[in-house]
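> Below are the chains, spelled out letter by letter.
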Amino acid sequence: MAAVDAPRIRQERRRTAWRLGLWIAAAVLFAGLPTVFPSGTALTTMSLMGIMIVFALSYNMLLGQTGMLSFGHAVYYGLGGFLAVHAMNLAIGDRLPVPVIVVPLVGAAAGLLFGIVFGSVSTRRGGTAFAMISLGIGELVASSALILRSFFGGEEGVTTNRARLLRLFDWNFGPQLQVYYLIAAWCLVCMVAMYALSRTPFGRMCNAVRDNPERAEFIGYSAQAVRFIAFCLAGGFAGVAGGLAAINFEIMNSVNVGAAQSGSVLLMTYIGGTGSFIGPVLGAVLITFLQLMLSDATEVWQLYFGLLFITMVVFAPSGIAGILMMHAPLWRARVLHRVVPAYLLAALPCLLGLAGVSLVIEMTYRLTVKANEGSAFRFLYQPVDAKSAVPWIIAALLVIGGFWLFRRVRPIVADAFGEAMLVARRKGWA
Amino acid sequence: MGMTAPALELVGLHKSFGRVAVIRGVDLQIEAGERHAIIGPNGAGKSTLFHLISGRFPPSSGAIRLKGRDIAGLPPYEIRRRGLARSFQVTNIFPRLSVFENLRCGLLWPMGYKYAFWRNVDRLVELNERSERLLEEIGLADRRHLPAGVLTYSEQRALEIGIALAGGADVLMLDEPTAGMSRSETDQTVELIRRVTAGKALVVVEHDVGVVFGLADRISVLVYGEIIATDTPDNIRRSEAVQEAYLGTARHGEGAR
Chain A
52 MAAVDAPRIR QERRRTAWRL GLWIAAAVLF AGLPTVFPSG TALTTMSLMG
102 IMIVFALSYN MLLGQTGMLS FGHAVYYGLG GFLAVHAMNL AIGDRLPVPV
152 IVVPLVGAAA GLLFGIVFGS VSTRRGGTAF AMISLGIGEL VASSALILRS
202 FFGGEEGVTT NRARLLRLFD WNFGPQLQVY YLIAAWCLVC MVAMYALSRT
252 PFGRMCNAVR DNPERAEFIG YSAQAVRFIA FCLAGGFAGV AGGLAAINFE
302 IMNSVNVGAA QSGSVLLMTY IGGTGSFIGP VLGAVLITFL QLMLSDATEV
352 WQLYFGLLFI TMVVFAPSGI AGILMMHAPL WRARVLHRVV PAYLLAALPC
402 LLGLAGVSLV IEMTYRLTVK ANEGSAFRFL YQPVDAKSAV PWIIAALLVI
452 GGFWLFRRVR PIVADAFGEA MLVARRKGWA
Chain B
110 MGMTAPALEL VGLHKSFGRV AVIRGVDLQI EAGERHAIIG PNGAGKSTLF
160 HLISGRFPPS SGAIRLKGRD IAGLPPYEIR RRGLARSFQV TNIFPRLSVF
210 ENLRCGLLWP MGYKYAFWRN VDRLVELNER SERLLEEIGL ADRRHLPAGV
260 LTYSEQRALE IGIALAGGAD VLMLDEPTAG MSRSETDQTV ELIRRVTAGK
310 ALVVVEHDVG VVFGLADRIS VLVYGEIIAT DTPDNIRRSE AVQEAYLGTA
360 RHGEGAR
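Residue numbers (the working numbering), protein chains in the order written: chain A, 52 to 481; chain B, 110 to 366.
Treat the hints as calculated values from the structure; they're not laboratory data. Just so you know, not all the hints are guaranteed correct.
[Said to hold, decoys possible] Some but not every residue of chain B turned toward chain A, in silico, with C-beta under 10 Å:
{"#": "1", "residue": "Gly-164"}
{"#": "2", "residue": "Pro-167"}
{"#": "3", "residue": "Pro-185"}
{"#": "4", "residue": "Ile-188"}
{"#": "5", "residue": "Arg-189"}
{"#": "6", "residue": "Phe-197"}
{"#": "7", "residue": "Arg-205"}
{"#": "8", "residue": "Glu-210"}
{"#": "9", "residue": "Cys-214"}
{"#": "10", "residue": "Leu-216"}
{"#": "11", "residue": "Pro-219"}
{"#": "12", "residue": "Tyr-224"}
{"#": "13", "residue": "Ala-225"}
{"#": "14", "residue": "Phe-226"}
{"#": "15", "residue": "Ile-272"}
Beta carbons are placed, not taken as given, at the ideal position from N, Cα and C, and that holds for glycine.
When you get a sec, could you build the whole thing from the sequences and use the hints?
Shown next as structure tokens:
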């Protein structure tokens, strides 16, 4: 009987060592990033990325791991943040010896507590019922945030000053670099914790409930209990993210508990990919980066996010991580380079089409919302007048030409991938 | 009572869906160590009876006792925790989990891990050994890493049974375990069922007459929601009422499903 045969144990040990190596690499990366990107903007961006990684991973405990589509996950992020801000102000006011580094624990406790309260109602059912209730609770809390001014601070929100908390050695966490390290440390701890959680008996039953809640009940598990525990823990980790946000921004307002914030974490998680642990991490990093970059470049950046989301849902429902996973066999078989020329070829029509679409969006925006500021603006460093016909014709040509070219190139890409996959399969990697 | 309670006991069990009475007064006792088959024509209520006993829906009236304790109306997970496991006629697995993971999940509660979110499943030696053993017993060792959803139909059937076998429940209920299997797969499955149910109670619904008569200690014949006979295989074979109600139709008509 091959119960615990030696090769399998060796294989398991190798995997453990490999995983440990990856975590150490992540720690080194987090520690080294400020040296590579020392600018203020970079530090702010990376701090936000760290917060969003925790938030998106906590969301994926629901969506990807347990199959629960929540439209109100910002409730636990925001409430965690608000409680953290109030805790910080309390500590400052009463001169309590509390260093800022433990403040995310307040967020965690708040997220967990509200997870227990709201989860006891919303997790009774899965599927659509859960999604609807999460939406309702989200709206409930968001509107309360505008009514309960003493706690939520109304439109302006509640502010704090992280530098006035207890110093830790000679760190007061005033400078952004110190905040970055605080966030990076918490982010790494939360990542390890959430990864470990997915490999416990409970984590496996989350997956089982996601796949088939009915059968889970026939092997001894209450699907409702599994959903409830997952919901509470996800709330706790979202609360940590909220606490980190409170430290980072030193302000929390009603937007942080609202539908837009809930939608944003859904977007990140989905675009990154719900099917693997790394997906939400990639999504959080990419979307945070795009949000900051695009909001500088265009005022209708949310529209581009909508387009990106639709494109992903239609063409790559397994997200960025899913696309990468698809290429893992090619990488292992060392044939990944064979698809690169085809991909570069396909990138051209995509870029042309994208340029055309965004030219149409920007010109429409100029003529409608910004009508009183004139029709002339700059697009890709070129002066454009939205009232003349030429740019519209160019945009139409770009879109149609891009689409036509893409149709031509698509079979080439498919063939290149298919052939590379065939080689990978022959080498035993797929 | 003095004597030990039967492993499973049904008393005056009724189930109606709206005005349609599907189970119309079923009484049955199954002792520990007994292998009991339920046969009957299609639509007789065999699957409904399984669903009532395993908690998928509550009975309209009557009692279901598992080892002497009433379980009627309890949710499925409570019934599983009290020692009754079942398989499904329509394959009901965890499609995105690996084959190994399907079996391991089946073992988690019986081995007492409950909702533990502080232990690494890969480090639980006995859990993994037992999953491994079960994987070999159902003949899917070379499929261990595949998502269960991509298995062939008969492989999924084997896994379906494997999940029900995991954890060694005192009462095991199998709903058409060999449906869709080849002759040799059927023989292997019957052998496995025979082995793992030694000393335990087995209730099986099966259309394959060979399997039924080879495996069962006693057979109940269910016709239109009522048990018209419960007896040894030999006596059932000889009973004229049964011939008329079921075996006759099976011989002339549909055969083994």
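> Hint by hint, note whether the structure agrees.
Right, here's what the structure says about each hint:
1. Gly-164: 8 Å, holds
2. Pro-167: 14 Å, violated
3. Pro-185: Check passed: Cβ of Pro-185 of chain B comes within 4 Å of chain A, closer than 10 Å.
4. Ile-188: Result: holds, 8 Å to nearest chain A Cβ.
5. Arg-189: 4 Å, holds
6. Phe-197: 8 Å, holds
7. Arg-205: Hint holds; Arg-205 of chain B Cβ to chain A Cβ min 5 Å, cut 10 Å.
8. Glu-210: Since the shortest Cβ distance to chain A is 6 Å, the answer is holds.
9. Cys-214: With a minimum Cβ separation of about 5 Å from chain A (threshold 10 Å), the hint on Cys-214 of chain B holds.
10. Leu-216: 9 Å, holds
11. Pro-219: 7 Å, holds
12. Tyr-224: 5 Å, holds
13. Ala-225: 5 Å, holds
14. Phe-226: With a closest approach of 4 Å, the Phe-226 of chain B hint holds.
15. Ile-272: Ile-272 of chain B check passes; min Cβ-Cβ to chain A is 6 Å, inside 10 Å.
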